[in-house]
Each structure stands twice: as C-alpha cells, then as structure tokens.
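Asks: For reference, the chains in residue letters:
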Amino acid sequence: MNTGQLALLVLLLPAAGAILLAGRGWRLPRIWTKIVGPGVVWASFVVTLVLFINKASDDVTYFTWIKSGTFDVPFNLLIDNLSIFMCLVITGVGALIITYAVGYMAAENDASFARFFTYMDVFIFSMLLLVLAGNFVFLIVGWAMVGLSSYFLIGFWYQRRSAVLAARKAFVMNVIGDVGMILGAFVLFTTYHAITYAGVFNALPCANGKSCIGGDSPTLELAAFLLLVGAIAKSAQLPLHTWLPDAMEGPTPVSALIHAATMVTAGVYLVARMHPIYDIATYAHASVAIIGAVTALFAASIAIVQTDIKRVLAYSTMSQIGYMFLAVGVGAYSAGLFHLMSHAFFKALLFMAAGNVIHSMHDEQDMRKYGGLFRQLPRTSWSFLIGSLSLVGIIPFVGFFSKEQILGAAFSKPDNTVSLVVWGIGFVTALITGFYTGRMWWMSFAGKPSPERPVEHPHEAPSVMLIPVMVLAVLATIGGLIQTRALGFGPQAVSDFLDTVVGKQPWEGGVADVILSLITMALAGLLFLAAYRIYVERTWKPWSTRFPRLQRLLERKYYFDEAYNFAFVRPMDAIADGGFTHVEQPLIDGVVAGTGHVTEAGAGSLSLTQSGYFRNYVLVFLAGACIAAILILVKSNS
Amino acid sequence: MSIGGSQLDSSWFLLLGAILFTLGAIGVLVRRNPLVILICIELMLNAVNLTLITFSRQLQNPEGQLFALMVMTVAAAEAVVGLAILVEIFRVRDAEDIDDLSELKG
Numbered sequence: 001m002n003t004g005q006l007a008l009l010v011l012l013l014p015a016a017g018a019i020l021l022a023g024r025g026w027r028l029p030r031i032w033t034k035i036v037g038p039g040v041v042w043a044s045f046v047v048t049l050v051l052f053i054n055k056a057s058d059d060v061t062y063f064t065w066i067k068s069g070t071f072d073v074p075f076n077l078l079i080d081n082l083s084i085f086m087c088l089v090i091t092g093v094g095a096l097i098i099t100y101a102v103g104y105m106a107a108e109n110d111a112s113f114a115r116f117f118t119y120m121d122v123f124i125f126s127m128l129l130l131v132l133a134g135n136f137v138f139l140i141v142g143w144a145m146v147g148l149s150s151y152f153l154i155g156f157w158y159q160r161r162s163a164v165l166a167a168r169k170a171f172v173m174n175v176i177g178d179v180g181m182i183l184g185a186f187v188l189f190t191t192y193h194a195i196t197y198a199g200v201f202n203a204l205p206c207a208n209g210k211s212c213i214g215g216d217s218p219t220l221e222l223a224a225f226l227l228l229v230g231a232i233a234k235s236a237q238l239p240l241h242t243w244l245p246d247a248m249e250g251p252t253p254v255s256a257l258i259h260a261a262t263m264v265t266a267g268v269y270l271v272a273r274m275h276p277i278y279d280i281a282t283y284a285h286a287s288v289a290i291i292g293a294v295t296a297l298f299a300a301s302i303a304i305v306q307t308d309i310k311r312v313l314a315y316s317t318m319s320q321i322g323y324m325f326l327a328v329g330v331g332a333y334s335a336g337l338f339h340l341m342s343h344a345f346f347k348a349l350l351f352m353a354a355g356n357v358i359h360s361m362h363d364e365q366d367m368r369k370y371g372g373l374f375r376q377l378p379r380t381s382w383s384f385l386i387g388s389l390s391l392v393g394i395i396p397f398v399g400f401f402s403k404e405q406i407l408g409a410a411f412s413k414p415d416n417t418v419s420l421v422v423w424g425i426g427f428v429t430a431l432i433t434g435f436y437t438g439r440m441w442w443m444s445f446a447g448k449p450s451p452e453r454p455v456e457h458p459h460e461a462p463s464v465m466l467i468p469v470m471v472l473a474v475l476a477t478i479g480g481l482i483q484t485r486a487l488g489f490g491p492q493a494v495s496d497f498l499d500t501v502v503g504k505q506p507w508e509g510g511v512a513d514v515i516l517s518l519i520t521m522a523l524a525g526l527l528f529l530a531a532y533r534i535y536v537e538r539t540w541k542p543w544s545t546r547f548p549r550l551q552r553l554l555e556r557k558y559y560f561d562e563a564y565n566f567a568f569v570r571p572m573d574a575i576a577d578g579g580f581t582h583v584e585q586p587l588i589d590g591v592v593a594g595t596g597h598v599t600e601a602g603a604g605s606l607s608l609t610q611s612g613y614f615r616n617y618v619l620v621f622l623a624g625a626c627i628a629a630i631l632i633l634v635k636s637n638s
Numbered sequence: 001m002s003i004g005g006s007q008l009d010s011s012w013f014l015l016l017g018a019i020l021f022t023l024g025a026i027g028v029l030v031r032r033n034p035l036v037i038l039i040c041i042e043l044m045l046n047a048v049n050l051t052l053i054t055f056s057r058q059l060q061n062p063e064g065q066l067f068a069l070m071v072m073t074v075a076a077a078e079a080v081v082g083l084a085i086l087v088e089i090f091r092v093r094d095a096e097d098i099d100d101l102s103e104l105k106g
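Those sequence lines, one after another, are chains A and B.
Everything in the first sequence is counted per my numbering, starting at 1 for the first residue and increasing by one.
Everything in the second sequence is counted per my numbering, starting at 1 for the first residue and increasing by one.
The set of hints was computed from the structure by calculation and includes no laboratory data.
Just so we're clear, the structure is a prediction, and the values are computed from it rather than from any experiment.
Treat the hints loosely; a few may be bogus.
Derived Cβ-Cβ restraints for the label pairs, each shown as a range [what the hints assert, rightly or not]:
1) B:Arg93 - A:Ser638: 47 to 53 Å
2) A:Arg168 - B:Val92: 52 to 58 Å
3) B:Arg93 - A:Ser636: 44 to 50 Å
4) B:Val92 - A:Ala16: 22 to 28 Å
5) B:Met72 - A:Lys635: 30 to 36 Å
All C-beta atoms in this analysis are idealised placements derived from N, C-alpha and C, irrespective of residue type, glycine included.
With the rest of the complex left out, here is chain B (with noise of 0.2 Å):
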C-alpha cells in the first residue's frame, strides 16, 4: 500500500497495535466500569485486526483481510451479547462497579 508514493515501514503498524492491545488489556484490568471494560475489548480486537492487516500487506496475502472482516464480525455479535448481559444487570440492580458483581467468590 503506498500513501504518498512512500511507504511506511510495517513494524510502525505492529508497533501501534501492540500499544493499542496493551493500553485496553490495562484498561480491562484496571477498569471498573462495565462500558468501559467493553470498550476496551474492542480497542484490543481492532489492535489484532491491525496486526492481522499489517502482515496481510506485507505477505501479500490477503487472508489475512479476511480474518480482520471475520474479527469484525465476532466483534459485533460480543458486543451484542455483551451489552445485553450488561442491560439485564443493569435492569436488575444497579451496579455500576464491576467489582459489585463477585457472588462467584469461594
């Protein structure tokens, strides 16, 4: 791919999803909003996807677009299932920290 007639090098890719990835499994760790928790899925699923899409590009391979589309996909369902989870929590009690929900707890 050439923006500009020059072409960026494919470790600056790799190197923005891998703090992207980073920055939402700290998120998730660290979080205790669970929007907020769910967002930062996502941010580490599109860091995959720019991974994915990266070596795509540079292998030449364009199976690895197709995996960034399937990715997208999958996304989209956990987000649904996701959020529905969180509504029928929400419309139980009201439990705005996550840490709240710890009845698993031996």
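Bound conformation, chain A alone (with noise of 0.2 Å):
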C-alpha cells in the first residue's frame, strides 16, 4: 500500500471500531467491546509505525470535499515528520491507556462499557484527524471532534449533576476556541486565498527564500492572535484554562489520555503547525511564550494547596503544557514536541497509577485520607514515584531532559529580553513543581494510613491495568536517553526527527544551560525531600501557617471562577432572567396563550350551529339549494 492508503487506514481504524461499537457493542458478549475497543488503536498503532519505519511524507489529496467558484476544499492529509510523530504519541499511549481501560471501567454495566469505548474511539479518530490534516477545514473538524468527544467523556457519568456541569464548562470553553480559530483561517484565507497548508504557507511573506524583513504585517498578526486563541482554549492556558480542573470529572482513563497525554497539547502542536506564521509575527509569538510561562507558574502555584490527587494532576498539567507553549514561543519548536511527548509518556503513567489508588481506595481521591499506600500497593507506588521524578525532572527520568531543553533554549536564546523572563519564570516554576509533586508523593505513600482512610487493605489492581502503567513506567525511565541534549552531549533524535518540518533551533546552547540544569534539578529535587519534613515527619511548619491569606488565594485558584461568574454567567443570567419575565412571559406567552384563547372562543360560539340533528343539515342543504335555484333563474329571467 502507499503511503496514501496507509495514512487514511491510520485514520479510519478507530472510527471504524467506533461505528461498531456505536451500532453493536452493547448487544454483543462484553468481550467484543474489550478487543474492538483498544484493538483498533493498536492496529492504528502499528500502521503508523510502518508509516515512521517507511519514512513517509507525502500531501496526498483524496478527493475535493467543496468546489465553489475558486473556493476549493480538498480532503488532503499531510504525512510529514511531525504529524507521524504526534500520531505515535496519540496511538501509542492511546493505546495503553484504553487498554487500561479496560480494567477501569470494569464496573460499569454492558452499554455504558461498549458507550464508553465508543467515545474514546471517536476520540481517537478525531485526534488523528486534527494532526493528519492538510487543510484548515479539517484541522478545525478535527479540533471541533476532539472537544466534543472531551464532552461526551467529561459527562460520561451523566447521572453525576457536577460531571454534566464540568462538560458543559469544558465545551464552552472549548467552543471560544474555536470560534477564534475559525476566525483566525478566514483572515488568513482572505489574505491569501488558500485553504491547505502547503497554499497557506507559500503565499507568507517569508515563504521560498524571501527576506522576512518587514514580512510582519498587522494583518499577520491578527491571524496568529486568533490562532492562539484556539491553542489557549484547547490547552488550558490563561485565561481560558478554568475548564480543565473540573474536567477531572470524568472517570480516570479520560483525565489520562484526553486532558493529560492528547488533547490538550492541541494547541502545542498547532503552534508547531503554523511555525511559518508565528516566526513572522512575532508580537504573537512572543505572547506564545509569555501565556505559556505565567500558565505554568500560575498552575504550579494552586498545585500546592489542592488536596485532590486528580486535581493537583490537572494543574501539573496545565503548568507542563505551559512550559510546551514556552518553548515553541521562544522558538524551540522541537524541544517543545519533545516535552509533549515526555509529559505524555509520565502524566499519563501518573493518571493511570492514580487510577489505580482511586481504585483501590473505593473512588476516594483525597490525598489527605492516603497515606502509607506504600507496603501495600508496592508496583503502583514505584510507577508513581517514576513518574513524579520525571515530573520533578530528575536524572534520567524523561522529564529531565525535555524540561531542561526547554529552559536551556529559553536561557541561550541570543539577546532576547521575553526569554530571558521566561527563563525566569520557568525556573521558579521548577522548584514549585518540585515542592508540590513531592507533598502528593509523600501524603499519598509515605508515613502512617491516615485514621479516615476508606480501606484499610488495599488490594492491588488486576493486571490489566498494571501492565499499562508498568510499560508507562519504563518509557519514562529510558525514553530521555533518545535526546540527552540538556546535558549538552548525545543524541537527539526527536529533535534530528522533527527539524525537517519545524525547522533547526537557529542558536546553539552552551555550558551555562547545563550547569543552570543541573542546579534546577538540584533545587527541585531538595524541595520533593522538603515536602517529607513538612507532610510527613511534621517537623517543619507548613508554610500555610504562615500566609493563611495566600493559602486562601490558592485554595480559590485566584478568584477565576468568581470572577469569570461574575464578569460573564451572572450578566447572562441576568439578562436571561429578564428576558423571560419582561418579555417571554408577558409578550410571546401572551400572543401565544391569546391566539389560543381567541379561538377557543370563536370555535365555541361557532360550534353552536352544529346542533349534529340530521334533519338540520338536510333542511340548511335544500335552503341552499332553492336560493341557489331562484337566483339562476332570477338571472336567466333577466
């Protein structure tokens, strides 16, 4: 097969195994749902890896969707290194994480199983969709499908008020996204009237060896603002990152693959996708970096005082992705897809294994009523601790070696002030992360059970779902030694892979960012011990103690939802309240109600004649009929 054929097989084995779990899967054996449902990603899996083995890159055009005139929408996908390489995370750890699934869900009855699998296919296709396509209507189908399959997982317990409300959240949030992206291709379409990729980029100031000087134009930069848009809604990044914390809703699989490894490292790959726009505009690309570096220090900070063991996850997130946004914000493009690859390998393997305490502890997910899990959950306990290393970022954990590529890119970057900030910014958030990753290792595993705790012997999971997590484990382990660049030797082979569509970091870096590394790996791995003293031990007064009013600021993430209800929900709720006393009730109630009424009572006066006495309409009939007879012959008299 070509590559062609091959790229769209990668694409419609999962929806395939959607189709069929959708029609099906609820009234075949459960144990169809259980091989379709990860079976089909794994096939996805393996076709993309001959596709990487092949070396494929191709824009291969299937048929023209839309033909309008000179407006022209072809179905074309683009097989290029970097859409290979997102289509092996998102089938890889898609994979596993469905597989683990598998497990997870055991308890549910047969049609929400076969419904659960069904969305995460249609997740799946949807995703590759958004990274495959060659064209900006289908990147925003794809982006469309993904939050509309996060939706469907955030509420898939609909039973629960809170899961359909965080879905609800999350899909409109999502929704302004794309509305800024949709936005941001018709300026660039009626710039350059071009819809694909290839036309897009082509037509850029910038594009076949011309000079970039004075190729930013406002017009250029209004296009990547929207963009971001997109990019900030679908990756939880200020302002438009409330959705995220709550979408931990939805069952722990979901929070693995769609708001950890997947989904919201949307907007990272976009960046990525539109370097040729985003190294020309360059107000817009510096924003990049600088959304990326508040989100994550801003996220690391309310990972302090979260008492969730999914929520302090779900901010480590938001502040990882804004580390990717800082790097493809200074430029380092494949140091940032790096990240994006390493945080899907270690926050994956970290949901999962969280999955499997929140299992074992009868779905209770406060961190405080833990403790001591240790002893008795030996293998998730050591998965666990894997990946909050690599979080910290400690040698040789994977994490180490994409987080300091990044701040080593930032740092070296030459003569740049917004770098250098966001160096700073990135650092501090280090040792933050540091501290917080280590008080939910600590208060989870280590010390004595707590007296609250909800089982006293846990048991271990089944090894469906431990195998997930022990693979996870290992690639969190070895997968940094394929790019050890943060040390300054060795290989790089994300980065060799991915410059051919990114383009080359235009600076080297030097023997500071690796002593700057190490000092960062140093301090940060000192504050995962602090949080032993202060969690554990006691010995150390927590510094809440102390700033009982920051602690409140945290605990209230900022005032975001409150002040997000009272800037937009409480207006819209006013409005609507007012619309529906002062003009629904009185003016559409009224003429609707009155039209009724009027007829009613015009239909009962009428209904009166009716007296349903035969001899009455025989008498009205022949009346008729003699009027009827003397006027015709009155008129033909006359």
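Grab the two chains, each in its own frame, and use the hints to assemble them into the complex.
Replies: Next up, the structure:
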C-alpha cells in the first residue's frame, strides 16, 4: 500500500471501531468490546509505525470536498515527520490507556462499557484527523470533534450533576477557542486565498527563501493571535483554563488520555504546525511564550494547595503545557514537542497510577485520606514514584531531558529579553513543581495510613491495569535517552526527526545551560524532599500556617471562577431572567396563549350552529339549493 | 312516446316529478326512522330520473336517458353504502331514531 492509503487506514481504523461499537457494542458479548475498543487503536499504532519506518512524507489529496467557484476545499492529509510523531504519541499512549480502561471501567454495565469505548475511539479518530489534516477546514473539523468527544467523556457519568456541569463548561470554553480558530482561518483565507497549509505557507511573505524583514503585518499578527485563542482554549492556558480542573469529573482513563496526554497538547501542535506564521508574527509569537510561562507558574502554585489527587495532576498538566507553550513560543519547536512526548509518557503514567490508587481506595480522591500506601501497593507506588521524579525533572527520567532542554533553549536564546524573563519564570516553576510533586507523593504513599482511610488493606489493581502503567514507567525511565541534549552531549533523535518540519533551532546552547539545569534539578529535588519534612514528619511547620491569606488565594484558584461568574455568568443569567419575566412571559406567552384563547372562544360560539341533528343539516342544504335555484332563475330571466 | 295514440303533455310528468321530489324531501326532513329516510332519498332520486327522462323525450335527446341510468347506478351504490352504515350503527347501538345520532352537536 502506498503512503496515502496507509495514512487513511490510520485515520479510519478507530472510526470503524467506533461505528462498530456504537451500532452493536452493547448487544454483543462484552468480550467484543474489550477486543474492538483497544484493538483498533493498537492496529492504528502498528500502521503508524509502518509509516514511520517507511520514512513517509507526502501531502495526499483524496478528493475535493467542496468546490464552489474559486473556493476549493480538498480532503488532503499531510503526512510528514510532525504528523507521524503526533500520531505515534496519540495511538501509542492512547492504546495503552484504552487497554488500561478495560480494567478501570469493568464495573460499568454492558451498555455504558460499550459507550465508553465508542467515545474513546471517536476521540482517537478526531485527534488523528486534527494532526493529519492538510488544510484548515479539516483542522477545524478535528479541532471541534476532539472538543465534542471531550464533552462526551467528561460527562460520561451523566447521572452526576457535577460531571454534566463540568462537561458543559469544558465545551463552552472550547467553543470560544474554536471560534477564534475559525476566525483566524478566515483571516488567512481572505489574505492568501488558500485553505491548504501548503497554499498558505507558500504565500507567506517569508516563503521560498524571500527575506523576512518587514514581513510582519497587522493582518498576520491578527491571524496568529486568533489561532492562539484556539490553542490556549484547547490547551487550558490562561485565561481560558478553568475547564481543565473541572474536567477531572470524567473517568480517570479519560483524564489520562484527553486531559493530559493528547488533546490538551493540541495547542502546542497547532503553534508548531503554524510555525511559518509565528516565525514572522513576532508579537503573537512572544505572547505564546509569555502565556505559557505565566500559566506554568500560575498552575504550579495552585497545585500546592489542592487536596484532590487528580486535581493536583490537572494543575500540573496545565503547568507542563505551559512549558511546552514557552518552548514553542521562544522558537524551540522540537524541544516543546519533545516535552509533549515525554509529558504524554509520565503524565499518563501518573494519572493511571493515581487511577489504580483511587480504584483500590473505593473512589476516594482526597490525598489527606491516603497515607502509607507504599507497602500495600508496591508496584503502583514505584510507578507513581517514577512518574513523579520525571515530573520533577530528575536524571535519568524523561522529564529532566525535555524540561531542561526547554529551559536551556529559553536561557541561551541570544539577545532576547522575553526569553530570559520566561526562563526565570520557568525556573521558579520547576522548583514549585518539585515541592507540590513531593507533597503529593509523600502524602499519598509515605507515613502512616490516615485514620480516615476508606480501605484498611487495599489490593493492587488487576494486571490489565498494571501492565500499561509499568510499560509507561519503563518509557518514562529510558525515554529520555533518545535525546540527551539537555546535558550538552549525546543523541537528539526527536529533534533530528522533527527539524525537517519545524526548522532547526537557530541557536546553540552553551555550558551555562547545562550547569543551570543541574542546579534546577538539585533545587527541585531538595524541595521534593523538603515536602517529606512538612507533610510526613511534620517537623517543619507547613508554610500555609504562616501565610493564611496566600493559602486562601491559592485554594480559591486566584478567584478566576468567581471573576468569570461575576463578569459573564451572572450578567447572562440576569439578561436571561429579565428576558423571561419581561419578554417571554408577557409578550411571547401572551401572544401564543392569546391566539389560543381567541380561537377557542370563536370555535365555542360557532359550534352552537352545529346541532348534531341530521334534519337540520338537510334543511339548510335544501334551503341553500332553493336559494341557488331561485338565483339562477332570476338571472336567466333577466 | 305515444301511448294509445294520444300523447301526454310533458308538464304532467314534470308536475309528478316535482310532487314526488317534494314528498321525498319532506320525508327526509320530518321522518325519524333512518330506513324511511333512505327510502325518501330514493324517492327524490327517482323523481329526478323522471324529470330527466321527460326532458329527454321532449327534446328528442337520448342523453337524458343515459343520465337516468347513471343516477340509478349511483343510487344503487348509495343505497349499499347507506345501508351498510345503518347496519353498523344498529350493531353498535339500538338507534331507531335518527335524532339519537347527534354526537356532533356543538
């Protein structure tokens, strides 16, 4: 098969699985769901591997979807190293997580079980469409469809009010981003009259070796900023981030797949894919870095005070995506994408290990009620530790290499104040990351069991849930060895692979970067250990007793939800209420009900003429006939 | 048409037809037995037939006779339907008086 057919196969396998499960899944024996649900994603992964081994690179147009005058939308897939890289992460990590879900969702009834895997396969299809699309129209289709499947999956337990509310919030936030993206695509289309990536990029002022000086224009900045709105909404960056913590209402595999490993990183992919635009639009590009850095610090600081283990992970996800934005924002695209991959490994690992803990604790998610799980859940605990150390950024775990490469790139970028500032923020964030990760780890697994613990003797999860976790633990441990540039030497497989698409980082790091990254690691590690003193030994007073106001500010998440409620939700509610009492009830209801009343009264009086007696009708009929006959006679005689 | 050499004037036939039609119409209006009403309708139809045939003879035009045949056919069909409806009504309820069938009263 050629590249085009293989790429189509990658895309359509999950779609076929979803259709099969949606149509027949709940009527067939459960074993079919167990096979089909993860099976199609594994198959898709294998096909992606074939593409990867073939070094496929092509822009395949399958058919014309819309043709209207000069407006021409083809269905084309762009198969290059970036999209293959994304497909490998999506299908690889996705297949592991969906396999894990077979165990995690086992308590659901048959119909819900099949529904879950249908949604998961729909999500994988949408995400693959997003990364494989070769034009803006299908990018937007994929973009909207991942938002939709996210909505389905957050609200999976639709009997819970909180889950439904969270799903709605996520959907609304995502739609704000979708609108931004659509407007951005409009701007690009009206400017360059092209809808495919290739068409737009070739029309850019910098394309084909032309000079970039003076290439920046307000139009291009506008397009870049509008696309950025889409990216930050999908990736839960400031200020459109409030949906992600609430999205933890969904089942844990969903959090691992959609709200950690893949969908939320779509914004990073978008910026990397649109890098020809961002390379020219310097203000928008700098905004990407600043938004990323601020979000990283902001989310990490909130993670310190959260007590729900999944919420800690959610804020840490926001923070890590902030790092990726920082990286693509300063122009270190391949470093950002490397962190995307490494984050997919260790954060999916953390979420699934947390899922095992939650499972063994009978759905208790409050870390304060855990404690002392290390002896009782050894394998989960070790995996969680590997994920945590990777998140903190300790050698040799994958998180160290990816995060420090980003910080190094930001620090060493020449003659750039913005990148120095974002490096500073990123550095502080790395230290906070060490602290909150330590707090999470020690609180949950070390010390004595909490007296409030729901289960005295928890059991380790079944092997279908343990094996994917351990596979990811292995990947998180050795994955960094394919790219060790953060240490200044060694291979850089990911960057070499991606540089053909996103361009080589135009500056080189120095020795200072390596020293700084080792310092970062040491300090973050010390803070990780310091959390032990505070939360297990309790020899040090918790910082929060000293700063109760700061504690409160963080617990309230900087009052973002309250501010949005005040600024948007309440005015909208007031408008809706006003419309109901002043327009709907008197005006619309009045007119509708009035029409009914008039009709009813008229019919009532008219119906009196209907006596129901046969002879009355005959009499009227005859009288009518007589009158007609007389009229005819009169007329013919005159 | 000649009967016994002499020919009756058309107006006698028309007068008879008018009387029969009026009797039928009055019957439909005043009688309460559904069967009698049906018979009265037949009477009205036949009065019309008589009129048609009379004019046909007077105008030497066979179309009137054709129309009379047509009316008989329709009358037969109408009688079938009407009787069938009556039979069904009787089967459901004992309605000897057509005034009992006044459910459509407003």
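Asks: For each hint, tell me whether it holds in the structure or not.
Replies: Hint check:
| no. | hint | verdict |
| --- | --- | --- |
| 1 | B:Arg93 - A:Ser638: 47 to 53 Å | holds (52 Å) |
| 2 | A:Arg168 - B:Val92: 52 to 58 Å | holds (56 Å) |
| 3 | B:Arg93 - A:Ser636: 44 to 50 Å | holds (48 Å) |
| 4 | B:Val92 - A:Ala16: 22 to 28 Å | violated (59 Å) |
| 5 | B:Met72 - A:Lys635: 30 to 36 Å | holds (31 Å) |
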